[in-house]
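Novice: If you're matching them up, the sequences are chains A and B in order.
Heads up: the first sequence begins at 1 in my numbering, then just goes up one per residue.
Heads up: the second sequence begins at 1 in my numbering, then just goes up one per residue.
Hints may be right or wrong, so weigh each one.
Among the chain A residues that face chain B by a calculated CB cut under 7 Å, a handful are [to be verified]:
hint, residue
1, G49
2, V92
3, F189
4, K212
5, I215
6, S217
7, D224
8, T227
9, V247
10, L250
Within a straight-line C-alpha distance of at most 30 Å, the following computed DSS-like cross-link-like pairs (lysine-lysine) qualify [as the list claims (entries may be wrong)]:
hint, chain 1, residue 1, chain 2, residue 2
11, B, K277, A, K185
12, B, K116, B, K81
13, A, K292, B, K153
From chain A, some residues computed to sit far from chain B (all C-beta separations above 10 Å) [unchecked claim]:
hint, residue
14, G19
15, P53
16, D87
Keep in mind that the hints were calculated from the coordinates and are not lab data.
Cβ atoms here follow ideal geometry from the backbone N, Cα and C, with glycine treated the same way.
What follows is each chain in one-letter form.
There are 2 protein chains.
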Amino acid sequence: MSIIVLGTVALDSVKTPFGIRKDMLGGSAVHFGMSARLFTDVNLVAVIGKDFPQRHIDFLKEKKIILTSLIMKEGKTFRWKGEYRGDLNTAVTLNTQLGVLSTFRPAISESQRKIKHIFLANVDPDIQRYLLQRMHSPALVGLDSMNYWINNKRSSLMSLLKQVTIYVANDQEARLLSCENNLIKAAKFLYRHGPKMVLIKKGEHGALFFSKEFIFSMPAFPTDKVTDPTGAGDTFAGGFMGYLSKVKKLNEENIKRALAYGTIAASFNIEDFGVDKTANLTMRDLENRLYKFRKCVL
Amino acid sequence: MSIIVLGTVALDSVKTPFGIRKDMLGGSAVHFGMSARLFTDVNLVAVIGKDFPQRHIDFLKEKKIILTSLIMKEGKTFRWKGEYRGDLNTAVTLNTQLGVLSTFRPAISESQRKIKHIFLANVDPDIQRYLLQRMHSPALVGLDSMNYWINNKRSSLMSLLKQVTIYVANDQEARLLSCENNLIKAAKFLYRHGPKMVLIKKGEHGALFFSKEFIFSMPAFPTDKVTDPTGAGDTFAGGFMGYLSKVKKLNEENIKRALAYGTIAASFNIEDFGVDKTANLTMRDLENRLYKFRKCVL
Chain A
1 MSIIVLGTVA
11 LDSVKTPFGI
21 RKDMLGGSAV
31 HFGMSARLFT
41 DVNLVAVIGK
51 DFPQRHIDFL
61 KEKKIILTSL
71 IMKEGKTFRW
81 KGEYRGDLNT
91 AVTLNTQLGV
101 LSTFRPAISE
111 SQRKIKHIFL
121 ANVDPDIQRY
131 LLQRMHSPAL
141 VGLDSMNYWI
151 NNKRSSLMSL
161 LKQVTIYVAN
171 DQEARLLSCE
181 NNLIKAAKFL
191 YRHGPKMVLI
201 KKGEHGALFF
211 SKEFIFSMPA
221 FPTDKVTDPT
231 GAGDTFAGGF
241 MGYLSKVKKL
251 NEENIKRALA
261 YGTIAASFNI
271 EDFGVDKTAN
281 LTMRDLENRL
291 YKFRKCVL
Chain B
1 MSIIVLGTVA
11 LDSVKTPFGI
21 RKDMLGGSAV
31 HFGMSARLFT
41 DVNLVAVIGK
51 DFPQRHIDFL
61 KEKKIILTSL
71 IMKEGKTFRW
81 KGEYRGDLNT
91 AVTLNTQLGV
101 LSTFRPAISE
111 SQRKIKHIFL
121 ANVDPDIQRY
131 LLQRMHSPAL
141 VGLDSMNYWI
151 NNKRSSLMSL
161 LKQVTIYVAN
171 DQEARLLSCE
181 NNLIKAAKFL
191 YRHGPKMVLI
201 KKGEHGALFF
211 SKEFIFSMPA
221 FPTDKVTDPT
231 GAGDTFAGGF
241 MGYLSKVKKL
251 NEENIKRALA
261 YGTIAASFNI
271 EDFGVDKTAN
281 LTMRDLENRL
291 YKFRKCVL
């Protein structure tokens with residue numbers, strides 16, 4: 001089994017109360033891949049510029065991420081610069097340079113078109129649709145987005161909702177897209193517009209899952225070791241989708257377990273800058289913490 | 001078994017997106033009592049003014065709240081006026097009139113001094129200490145406070161922490177008192193300063209429990225029926241302390257169950273204005289929703 005993830009490969013510059021890092025390997029597809037790879041083969045669909053360091057490519061290869069559809073184009077790699085203050089719950093974006101991302105068109109191989117499990121991480125919804133249309137037989141499709149697209153391409157995003165299995169959003173995005181403050185109302189609104197499942201990520205407050213069959217609320221792993229939350233949401237999605245791509249049925253038990261894997265994967269991500277922690281993560285680490293987590297929430 | 005609660009009996013005026021209410025029965029001791037009464041006899045220690053409506057007294061009596069130590073004094077009842085907007089997570093205080101509360105000294109009967117279970121709801125920490133010193137054999141002491149006392153009577157509150165079993169705070173208060181943004185760090189700080197247990201209430205995000213033996217994170221009951229959150233924290237504390245006052249051991253199992261009762265009691269409180277919902281709550285209602293809750297979080 002394998003999964004295909006469309007998203008960004010970025011160079012992130014981050015400031016948190018615990019330090020400053022410049023041009024780290026980041027991006028939604030990379031963070032997703034760091035946790036999903038523990039469950040399945042990850043096919044990355046993204047674009048980088050000519051300035052992208054070879055060592056990052058070597059690193060991704062070493063982590064067994066399949067880079068067939070990682071395109072290198074003339075120009076600069078997508079860069080994000082942000083800062084976290086106080087409780088580290090919200091990033092302040094200081095600068096965004098789209099670079100080669102602004103003209104990105106995904107190109108995938110014929111064999112990749114047959115992959116059944118797809119995650120459309122945060123990029124322009126028109127690009128997400130473009131990729132999805134190329135897939136032969138989507139079975140499980142996850143969709144993520146962000147405030148920028150909700151504000152600027154709402155109708156494109158809303159129509160894309162109808163074509164996906166699960167819409168993944170953070171609490172702010174869910175509220176913004178649904179115009180509902182209460183998260184259950186927000187989840188119901190989003191559910192009515194297409195996806196079979198809605199997953200709302202709430203950072204340190206955990207995650208809320210909504211489907212016709214059941215609602216589920218899972219707290220985050222309680223930790224005081226928060227260094228850099230960048231990519232936590234994508235890492236969560238990677239664990240969640242990675243696990244679901246391996247199971248036969250999308251039933252309650254499997255979904256709860258997938259949520260737990262997502263939660264645990266994200267709890268590792270925030271402990272260090274960028275992918276510093278998740279790069280060396282093993283299934284054994286996940287299982288060990290999952291055991292501790294169960295004692296904290298069950 | 002019985003419990004004694006020191007706190008406020010108030011006339012609350014509240015505006016939420018769902019309506020406006022004026023001079024409703026409210027106050028920390030009242031909201032606490034509405035849920036604690038389902039588990040044990042509740043002795044209320046508070047003060048009201050001559051303007052306090054007789055119908056509210058009749059109502060409290062009807063609910064079997066023991067009013068022996070509810071003092072009526074010359075002057076006006078404590079009044080709070082507030083508004084909730086948006087996601088209803090935070091109240092904006094528009095007006096506070098202390099009235100008779102400003103000169104309140106609790107007076108309790110000799111038989112009440114023997115009560116072993118005590119909840120010091122939010123009033124001046126000096127008054128909380130005054131009552132606690134009068135108790136003959138405290139076995140389980142809960143303490144709540146608020147931003148105002150944390151800012152203005154910090155040292156009094158900190159010394160009181162050493163005398164209580166469990167300190168109950170909302171996330172803002174825990175951060176303010178500990179000067180820690182991370183809630184686990186905040187809980188650890190508070191724990192180091194005296195109480196055996198720390199309970200941090202996070203509103204719609206649930207509650208975090210901290211002790212030497214274990215950390216526990218419980219989500220809120222997922223609901224889209226939020227009308228007025230006033231008193232939710234006290235209702236939580238009432239369910240939590242009420243259940244604990246009945247059990248023999250403060251072990252992990254009982255504490256988790258107490259947290260669940262607090263969570264469920266609070267989920268009813270927010271569904272209607274003031275005590276409109278909790279006034280008619282039965283143990284059966286709690287148990288039924290607890291059953292649903294377990295399916296949403298386990």
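Novice: Would you mind marking each hint as holding or not holding in the structure?
Specialist: Outcome of the hint check:
1. At its closest, the beta carbon of G49/A sits 36 Å from a beta carbon of chain B; the interface hint therefore is violated under the 7 Å criterion.
2. A least Cβ separation of about 15 Å between V92/A and chain B goes past the 7 Å threshold, and the interface hint is therefore violated.
3. At about 10 Å, the closest approach between the beta carbon of F189/A and any beta carbon in chain B exceeds 7 Å, and the interface hint on this residue is violated.
4. Interface hint status for K212/A: violated, as the beta-carbon distance to the closest one in chain B is roughly 15 Å, over 7 Å.
5. Evaluation of the I215/A hint against chain B yields a held restraint, the C-beta minimum of about 5 Å falling below 7 Å.
6. Checking S217/A against chain B by beta carbon gives a least distance of about 4 Å; that is within 7 Å, so the hint holds.
7. Taken as an interface hint, D224/A checks out: its beta carbon lies about 4 Å from the nearest beta carbon of chain B, inside 7 Å.
8. Proximity of T227/A to chain B is violated relative to the hint, the smallest CB-CB distance being about 11 Å (cut-off 7 Å).
9. At a threshold of 7 Å, the smallest CB-CB gap from V247/A to chain B is about 19 Å, leaving the interface hint violated.
10. At a threshold of 7 Å, the smallest CB-CB gap from L250/A to chain B is about 17 Å, leaving the interface hint violated.
11. Restraint check: the Cα-Cα separation between K277/B and K185/A comes to about 21 Å, which is no more than 30 Å; the hinted pair holds.
12. Restraint check for K116/B and K81/B: the C-alpha separation of about 34 Å exceeds 30 Å, so the hint is violated.
13. For the suggested pair K292/A and K153/B, the alpha carbons sit about 38 Å apart, so the restraint of at most 30 Å is broken.
14. Every Cβ of chain B is farther than 10 Å from the Cβ of G19/A; the closest lies at roughly 16 Å, confirming the non-interface assignment.
15. At roughly 33 Å, the least C-beta separation between P53/A and chain B is larger than 10 Å, which holds for a residue marked as non-interface.
16. Non-interface call for D87/A relative to chain B: violated, since the shortest CB-CB distance, roughly 4 Å, does not exceed 10 Å.
When each numbered hint is compared with the structure, violations occur for hints 1, 2, 3, 4, 8, 9, 10, 12, 13 and 16.
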